[in-house]
Amino acid sequence: MKLITLVTALVLSLSMAACTTTKTNTGSGTEGTGSGIDANAASQMSAAEAQAEELRRLREQGKIVYFDFDSNVIRPEYNEILANHGQFLAQHPEQKIVINGHTDERGSPEYNIGLGERRAKAVATILMSHGVQPSQIETVSYGEERPADAGHSEESWAQNRRAELMY
Amino acid sequence: MILRNLIGLVGFGLTLAFSTATFAESKFVIRGAADNAIPVAVAPFRFNGMQVPSENLARVIGDDLRRTGQFTPKADAEMPQAPSTAAEVDYGRWRQAAVDYLVVGQVNELGPDQYEVRFELVDVFGRQGGAGLLQGGQLMTGGTNVLEARVARIGGDAFRRYAHQISDVVYEKLTGVRGAFSTRLAYVQVEMNLRDAYQLFVADYDGSNPQRVRASRMPIMSPSWSPDGQKLAYVTFENRRSEVVIHSIYQNQRQVVANFKGINGAPEWSPDGRSLALVLSKDGNPDIYLMDLASRSLRRVTNTPAIETEPSFSPDGQTLYFTSDRGGRPQVYSTSLASGATQRVTFTGIYNASPSLSRDGKKMVLLHRDNTGFKIASQDLASGQISVLTETSLDESPTVAPNGSMVIHATSLGRNRILNLVSANGRYRSKLLFGRGDLRSPAWSPFLN
Numbered sequence: 001m002k003l004i005t006l007v008t009a010l011v012l013s014l015s016m017a018a019c020t021t022t023k024t025n026t027g028s029g030t031e032g033t034g035s036g037i038d039a040n041a042a043s044q045m046s047a048a049e050a051q052a053e054e055l056r057r058l059r060e061q062g063k064i065v066y067f068d069f070d071s072n073v074i075r076p077e078y079n080e081i082l083a084n085h086g087q088f089l090a091q092h093p094e095q096k097i098v099i100n101g102h103t104d105e106r107g108s109p110e111y112n113i114g115l116g117e118r119r120a121k122a123v124a125t126i127l128m129s130h131g132v133q134p135s136q137i138e139t140v141s142y143g144e145e146r147p148a149d150a151g152h153s154e155e156s157w158a159q160n161r162r163a164e165l166m167y
Numbered sequence: 001m002i003l004r005n006l007i008g009l010v011g012f013g014l015t016l017a018f019s020t021a022t023f024a025e026s027k028f029v030i031r032g033a034a035d036n037a038i039p040v041a042v043a044p045f046r047f048n049g050m051q052v053p054s055e056n057l058a059r060v061i062g063d064d065l066r067r068t069g070q071f072t073p074k075a076d077a078e079m080p081q082a083p084s085t086a087a088e089v090d091y092g093r094w095r096q097a098a099v100d101y102l103v104v105g106q107v108n109e110l111g112p113d114q115y116e117v118r119f120e121l122v123d124v125f126g127r128q129g130g131a132g133l134l135q136g137g138q139l140m141t142g143g144t145n146v147l148e149a150r151v152a153r154i155g156g157d158a159f160r161r162y163a164h165q166i167s168d169v170v171y172e173k174l175t176g177v178r179g180a181f182s183t184r185l186a187y188v189q190v191e192m193n194l195r196d197a198y199q200l201f202v203a204d205y206d207g208s209n210p211q212r213v214r215a216s217r218m219p220i221m222s223p224s225w226s227p228d229g230q231k232l233a234y235v236t237f238e239n240r241r242s243e244v245v246i247h248s249i250y251q252n253q254r255q256v257v258a259n260f261k262g263i264n265g266a267p268e269w270s271p272d273g274r275s276l277a278l279v280l281s282k283d284g285n286p287d288i289y290l291m292d293l294a295s296r297s298l299r300r301v302t303n304t305p306a307i308e309t310e311p312s313f314s315p316d317g318q319t320l321y322f323t324s325d326r327g328g329r330p331q332v333y334s335t336s337l338a339s340g341a342t343q344r345v346t347f348t349g350i351y352n353a354s355p356s357l358s359r360d361g362k363k364m365v366l367l368h369r370d371n372t373g374f375k376i377a378s379q380d381l382a383s384g385q386i387s388v389l390t391e392t393s394l395d396e397s398p399t400v401a402p403n404g405s406m407v408i409h410a411t412s413l414g415r416n417r418i419l420n421l422v423s424a425n426g427r428y429r430s431k432l433l434f435g436r437g438d439l440r441s442p443a444w445s446p447f448l449n
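Read top to bottom, the protein sequences are chains A and B.
If you count the first sequence from 1, position 41 lands on 41 in our numbering, and the numbers rise without skipping.
If you count the second sequence from 1, position 325 lands on 325 in our numbering, and the numbers rise without skipping.
FYI, nobody ran anything at the bench for these hints, they're computed from the structure.
Even for Gly, the Cβ is constructed at its ideal location relative to N, Cα and C.
Hints are supplied without guarantee of correctness; some may be wrong.
What the simulated footprint calls covered on chain B by chain A, stretch by stretch (three residues with Cβ under 8 Å from a Cβ of chain A suffice, anywhere in the stretch; the number is not a length) [claimed, not checked]:
no. : segment
1   : 37 to 46
2   : 239 to 249
DSSO-like, lysine-lysine: derived pairs with alpha carbons at most 27 Å apart [as the list claims (entries may be wrong)]:
no. : chain 1 : residue 1 : chain 2 : residue 2
3   : A       : K63       : B       : K261
4   : A       : K96       : B       : K261
5   : A       : K96       : A       : K63
6   : A       : K63       : B       : K74
7   : B       : K282      : B       : K362
8   : A       : K96       : B       : K282
9   : B       : K74       : B       : K431
10  : B       : K261      : B       : K282
11  : B       : K74       : B       : K362
12  : B       : K362      : B       : K173
13  : B       : K363      : B       : K261
Residues from chain B shown here face chain A by an in silico Cβ test under 10 Å; the list is partial [to be verified]:
no. : residue
14  : M192
15  : V235
16  : F260
17  : T348
18  : R415
Please construct the entire structure, taking both the sequences and the accompanying hints into account.
Next up, the structure:
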């Protein structure tokens, strides 16, 4: 049930990301024709601009990984997004990333710092499997100290058990 | 009925008392061991002067005693009379009201912002001649019934402080244990509508007189007091990563003592003040280290692939208690700093964490998950028996008064986080601090005087 909701949300956000991309390209007038990135236009962009554009698209695809209770296992639905982040970082070894790990509010705040680090490191491990160098990655665990949702319900907790990819 | 029981108890106490040199102690130990709190009354202090004090001393003292769960102070309305000196006490009426001990006092204005406070602690049943009182109802003259009498001169801003000192005297006289009411509490207040949302405060133990020590846009957590009460070690994320700092709160000087890669967390001062136990993940995963504060050298205490955190010293400083999930779930372990011998300490339930040891080393207060949620509990170390102290279900961060009598912890109320206080015997529970924002990470100071 929950999984279905998440998958739906993911598909939705992906299709929205695609829309946004299209719109941007159409709107800019000089950069494309409205059907994705034109090869000529892309070649005219500076490398830095291209990288920024790629990063923007990656962020739109998703930069938050949610976890099950008391788990640091990354659910399969995140494989593709994390692969994209990993390939991007591997192609740009000068690019750094900070992965923030978070937990819900239950239990010991100190132990939750440890759990949050496990989550951040689980994401780091996947990125490294795509060739990202350890020196590009910093993990920071905030435990339960920075909830995304301040509520005390199951729904709030699900929003708070997360790792965030911060460029 | 109650009265008869009490008289019987007193008689028993007296018999024992005469057979030992430590008269008062045996008597009070026996009363404390009974399954009832000691009935006391703190009569309203009589005020002689013009400028009425801003604080009600009797109320502060009564609240202090009540919070330990070892006393049941009478409400003003239930008091048979309002004496302000021992000489005014009508013993018969207080005996009928089933009050064992009575605090009476007065405040005399001496001049502008100058007051004299007198108080007496009265044993209603008397040291000698409880029987005589019963036969004749004759008033006993001062001395024999007065356990303690003191006079002090204070300024107008010192009423609360002095009231806590009176509570300390009364508590120690009646239990044989040093009072912990003149202590302080550090905690974090989070107000997300402020730019510097995370604020470290220090207040009286009961939450009065809060003073802000530090404010930051990023989290502050895990304050721990130095044994001299002058410094706090805590974790700050103000540089967007965890760092352990030591902050001299009265000089407002700060220094970073740990900013390694990964986690720098859960600092805990050793009882001798020379070292800091803390958690670092610089070597791969969270482990406990001891930092010698003079040399800053590190000694690794645990070394497993699991999470080890929340180091807490035994009162003698020889043993560290900590949380580890090396067995799959968080449980409390102990390790001898001399031998390295390590053992698991908690066996009840699937989640035990946040240990702190009582001053006598016999009990441990901890965070314990039962089938209704996360609770503050107390474990008898000899038997392993766990007693749940709280009725709330999202509890965390227990911190114990330096005499072991009370526990303050964070919990949730509605959408907010608040601080609650529970007596170590579980008989008293109450909200302590709540209101603005979320309150987290309470840390009780050591004795300060």
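How the hints compare with the structure:
| no. | hint | in the structure |
| --- | --- | --- |
| 1 | 37 to 46 | violated (count 0) |
| 2 | 239 to 249 | holds (count 3) |
| 3 | A/K63 to B/K261 | holds (23 Å) |
| 4 | A/K96 to B/K261 | holds (15 Å) |
| 5 | A/K96 to A/K63 | holds (14 Å) |
| 6 | A/K63 to B/K74 | violated (60 Å) |
| 7 | B/K282 to B/K362 | violated (34 Å) |
| 8 | A/K96 to B/K282 | holds (19 Å) |
| 9 | B/K74 to B/K431 | holds (20 Å) |
| 10 | B/K261 to B/K282 | holds (5 Å) |
| 11 | B/K74 to B/K362 | violated (32 Å) |
| 12 | B/K362 to B/K173 | holds (22 Å) |
| 13 | B/K363 to B/K261 | violated (35 Å) |
| 14 | M192 | holds (8 Å) |
| 15 | V235 | holds (8 Å) |
| 16 | F260 | violated (12 Å) |
| 17 | T348 | violated (16 Å) |
| 18 | R415 | holds (6 Å) |
Comparing the model with each numbered hint stated earlier shows that hints 1, 6, 7, 11, 13, 16 and 17 do not hold.
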